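Engineer: As a plain string of letters, each chain reads:
2 protein chains.
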Amino acid sequence: MRLIHAAASPFARKVRVLAAEAGLTPQIQLIDTAVLPIALNERVNALNPLGKVPVLEIDKGEVLFDSRVICEYLDSLHDQPRLIPSEPAARWRALRIAALADGLMDAALLVRYERAVRPAEYQWSEWVEGQMSKVYRALAALESNADELSKMPSIAHISVACALGYLDFRFSEIGWRDNHPELARFQESFAARESMRATIPG
Amino acid sequence: MRLIHAAASPFARKVRVLAAEAGLTPQIQLIDTAVLPIALNERVNALNPLGKVPVLEIDKGEVLFDSRVICEYLDSLHDQPRLIPSEPAARWRALRIAALADGLMDAALLVRYERAVRPAEYQWSEWVEGQMSKVYRALAALESNADELSKMPSIAHISVACALGYLDFRFSEIGWRDNHPELARFQESFAARESMRATIPG
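Heads up: the sequence lines are chains A and B, in that order. Per the working numbering, the first sequence starts with residue -12, numbered consecutively. Per the working numbering, the second sequence starts with residue -12, numbered consecutively.
In case anyone wonders, no lab produced these hints; they're calculated from the structure. This structure is a prediction, so every number in the text was calculated from the model and none was measured. Note that beta-carbon positions come from the ideal geometry of N, C-alpha and C, so glycine has one too. Check each hint, because a few of them may be wrong.
[Claimed, not checked] To be clear about the criterion: a stretch of chain B counts as covered by chain A if any three or more of its residues have a C-beta under 8 Å from a C-beta of chain A, and this derived list gives those stretches:
{"id": "1", "stretch": "28 to 38"}
{"id": "2", "stretch": "58 to 66"}
[Said to hold, decoys possible] Which chain A residues face chain B? A few, computed with CB under 8 Å, are given here:
{"id": "3", "residue": "24"}
{"id": "4", "residue": "52"}
{"id": "5", "residue": "56"}
{"id": "6", "residue": "87"}
{"id": "7", "residue": "90"}
{"id": "8", "residue": "109"}
{"id": "9", "residue": "110"}
{"id": "10", "residue": "134"}
{"id": "11", "residue": "138"}
{"id": "12", "residue": "156"}
{"id": "13", "residue": "158"}
{"id": "14", "residue": "161"}
{"id": "15", "residue": "162"}
[Said to hold, decoys possible] Far from chain A, by Cβ distances over 10 Å, these chain B residues were calculated:
{"id": "16", "residue": "13"}
{"id": "17", "residue": "15"}
{"id": "18", "residue": "116"}
{"id": "19", "residue": "162"}
{"id": "20", "residue": "182"}
Throw the hints in and build the complete structure from the sequences for me.
Structural biologist: In structure tokens, the structure reads:
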């Protein structure tokens, strides 16, 4: 399999961390690229019309996206305990936390595009504030649900760790650890895993 | 169950159509609201920190989001054929098409926010063009994969129909039917279903 990814993409990192936790890293060839909503990347577009990473090319030439679909696919390929729980109660709990982390990443990425891609004269502070308020509310909700992150690693842990890692990478100035001690404790432990250390953005 | 939705949201429509196709409509109380990325909606925020619809309140007070998680949950509640196929090959085919449709909706929504929410002086044409190019590439890919939409209704059909319905609602000027005869044929048939007729945005 070939994973088309970008080192800076938190969604691509989520896939890579899940692959590593599932023991699948040796089966995946990484193809590094870069995508931006305003720049054509014909190589990515040919595989994913949405022009986004990650994209997984399965050996037969078949292609899967987006990150959630790829994570579910990869999780079906191994014999270790499922990272996306199949038992219903655990599954909905994990998917709710993972959706919260994905939404945090979506909002943070939109702020990143606003600040780093859009010319200064077209930047709109209310948009940034609105998206950042989603980031802060998501952080608060994750903090009060941090006990969900105490059990076995799952898609919830992986998604939250990648979301927090993205904040460290692009939004270090907000100092999220100051007001979120439970999340800080979780991240200190989870970010020490080999899957996370091998995928630090930069 | 209570579904917090907005009539204009294609992601909320997807959930409502799936619920109807699964025969679950009588069990779901609809709560209509409106959300915008720049305006606080405390009622939605209290349930979903990301401030987005759809949100499903399960009877016990538990909450699920986003639309994909809700669709999967609802699909686990009925005894008819699964709308999200469980057989692997069919599942990945359906989820890839559904991800393409979701991505089309994401891009179209970002264009809508740019044009209808952002003040004119902050609108940036390259952003609109970049997102619209995703819409057009997704349409082209769906057109050439329209045979995937000939079998039993699935999450693929539902997602594509809601994406096309959103284009009719907010982007009628692009006349997507002109260059996508297979999709036009699909939509003519699928949009006639009761699930779709009961959820027309407006």
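Engineer: With chain B as the partner, please determine if residue 134(A) meets the hint condition of a C-beta pair closer than 8 Å.
Structural biologist: Violated, because the Cβ-Cβ distance from residue 134(A) to chain B comes to roughly 15 Å (cut-off 8 Å).
Engineer: For residue 15(B), is the shortest CB-to-CB distance to chain A above 10 Å, so the non-interface label stands?
Structural biologist: Holds: least Cβ distance 17 Å, greater than 10 Å.
Engineer: Under the criterion of a CB-CB separation shorter than 8 Å, is residue 24(A) in contact with chain B as hinted?
Structural biologist: holds, 4 Å
Engineer: Is the nearest CB of chain A more than 10 Å from the CB of residue 162(B)?
Structural biologist: Label holds. Min Cβ-Cβ 19 Å, cutoff 10 Å.
Engineer: Hint residue 110(A) vs chain B: min CB-CB distance below 8 Å?
Structural biologist: Because about 7 Å separates residue 110(A) from the closest Cβ in chain B, which is inside the 8 Å limit, the hint holds.
Engineer: Given residue 156(A) as an interface hint, is the shortest Cβ-Cβ distance to chain B below 8 Å?
Structural biologist: violated, 20 Å
Engineer: Test coverage of the stretch 28 to 38 of chain B by chain A using CB-CB distances below 8 Å; three residues minimum.
Structural biologist: Answer holds; 4 residues pass the 8 Å Cβ test.
Engineer: A cut-off of 10 Å on Cβ-Cβ distance, and residue 182(B) was said to be off the interface with chain A. Does that hold?
Structural biologist: holds, 24 Å
Engineer: Quick one, is the residue 161(A) hint okay against chain B at 8 Å, beta carbons?
Structural biologist: Result: violated, 16 Å to nearest chain B Cβ.
Engineer: Report holds or violated for the interface hint on residue 52(A), using the least CB-CB distance to chain B and a cut-off of 8 Å.
Structural biologist: holds, 6 Å
Engineer: Just to be careful: measuring from the Cβ of residue 158(A) to every Cβ in chain B, is the smallest value less than 8 Å?
Structural biologist: violated, 17 Å
Engineer: Please check whether residue 87(A) passes as an interface residue: C-beta within 8 Å of a C-beta belonging to chain B.
Structural biologist: holds, 7 Å
Against the hints set out earlier in the document, violations occur for numbers 10, 11, 12, 13, 14, 15, 18.
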